[in-house]
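Asker: As you go down the protein sequences, you meet chains A and B in turn. Going by the numbering used here, the first sequence opens with residue 14, and the numbers climb by one from there. Going by the numbering used here, the second sequence opens with residue 891, and the numbers climb by one from there.
By construction, these hints were calculated from the structure, which means they are not laboratory data. Idealized CB from N, CA, C, for every residue including glycine. Be a bit skeptical, because a hint or two may be false.
[To be verified] Derived list of chain A stretches under chain B, where covered just means 3 residues or more per stretch with a C-beta under 8 Å from a C-beta of chain B:
1) 16-24
2) 28-35
3) 45-55
4) 62-76
5) 212-219
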Amino acid sequence: MITDDLQDQAALFVLGALNPEENATFEKMLAADPELRAMVRELREAAADLGGSVPAHEPPADLKRRVLREIALEKQTGIARGSTTPSFSSWMPWAAAALFLISCGILAVDRMRLQRELAEARATDPLSQATLVTLGSPNGEHPDAKVTIAWQPDRQSGVININKMPPAGPGRDYQLWAVDANHKDPINAGIVHVDSNGVAHIRFKPDQEVTQIRAFAISLEREGGVPKREGPIVMIGNA
Amino acid sequence: MAETQEELDQEMLAQSASGDQRAFARLYDRLSGPLYSLALRMLGDASEAQDALQDVFLQIWRRAAKYDSAQSSVFSWAMLMARSRVIDRLRARGRRLRVLVSSSDDDPNGPMADASVAESATDTINRNDEAMRVRTMLNKLPAEQRQAIELAFFSDLTHHEIAAQLSQPLGTIKARIRRGLLNLRERGVR
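Whole structure, please, built from the sequences with the hints as guidance.
Answerer: Here it is as structure tokens:
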């Protein structure tokens, strides 16, 4: 017998409306109660039906090609993930943070391997002319975080993959910046939302043209982001 | 050999999980319309809805291996994932969506039907039939239940905010959401 109160919780759980504490408690109950699991499944189907009740529209035809291209690109990113790090650049002061990162031995440098893998990937997929960048924590604050960027200069856009990054916290957002040799200030590349599992996979597009990418960096900013960096750099990597 | 739509969906997802991009392309064909329609309805912006759809399909690709048929159908799994991503976007931009609570206000030929959005006529008509069927079911729900579940599903409002907006106690709102969803299910939607 599922009480009304538990049914209320189940409906809110399905809609993602429980707070993290309530959610964790409910998931424990769910794991132990097959009747509750069956009910949650029914509620999920009902909720999804609501989503299907809106007037039908078709996405543009080229979106499918974009999605499939992203997947091909991601496969390549996956190959390089965890095996590469940025190299030192004389660009300051951002590069100084990256130098500190490397000197601390947080990540091992394997630039040649990255270049070989990139060359192989490009040979097999002419569509992908991406620059792969791995970011690390300059102050060692997030040693487990894995952040990889695949940057496509021809499209002026990229994909950022983040794992094991703690959420930014209340009233704060992570913001991505592209450091360009021909711009005085880092170029805003948008807010990066990390989910409760520390994961983000986002397509980004800097709001100005990037002509000569030097590095990517993530700073911790106030919620909603800022036009010019204010907060501390939490992740950085040279291109 | 898969026979039902759900079996076909599961087969395509399983193949996608093993890296089959052709299967994933077929899954895209199957799901992109409903997911895009939801994103467009919630975001009210075709460009942003397209970005959201792209995010969702990348997420589907990455999480395909984690799909559990005991928890939901493939359609529901994808639809709720799409809703979650769209709500992330709504919250990120700090926008509060003005939800049209009255289902009769939904007009397929209204502002949402942006001429720039290419449409596949047959698929769209079929889905509009399905959408109409669900909306008929919705309209049979008590108004307060329909209002509560539509606000809870299509907006980024928390249940606390819904309670405040509707000037109702939180417990009442929770019960309406629950009863609305259960009634919808019992009335034979899918």
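Asker: If you look at each residue in the stretch 28-35 of chain A, do at least three have a Cβ nearer than 8 Å to any Cβ of chain B?
Answerer: Holds: 3 residues of the stretch 28-35 of chain A have a Cβ under 8 Å from chain B.
Asker: Taking 8 Å as the Cβ threshold, is the statement that the stretch 45-55 of chain A is covered by chain B upheld or broken by the three-residue rule?
Answerer: holds (count 4)
Asker: Count the residues of the stretch 212-219 of chain A whose Cβ falls closer than 8 Å to any Cβ of chain B, and tell me whether that reaches three.
Answerer: Since 3 is at least three, the answer is holds.
Asker: Tell me whether the statement that chain B covers the stretch 62-76 of chain A is true, taking a Cβ distance below 8 Å and needing three residues at minimum.
Answerer: holds (count 14)
Asker: Please check whether the stretch 16-24 of chain A has three or more residues whose CB lies within less than 8 Å of a CB on chain B.
Answerer: holds (count 5)
Hint violations for this structure: none, all hints satisfied.
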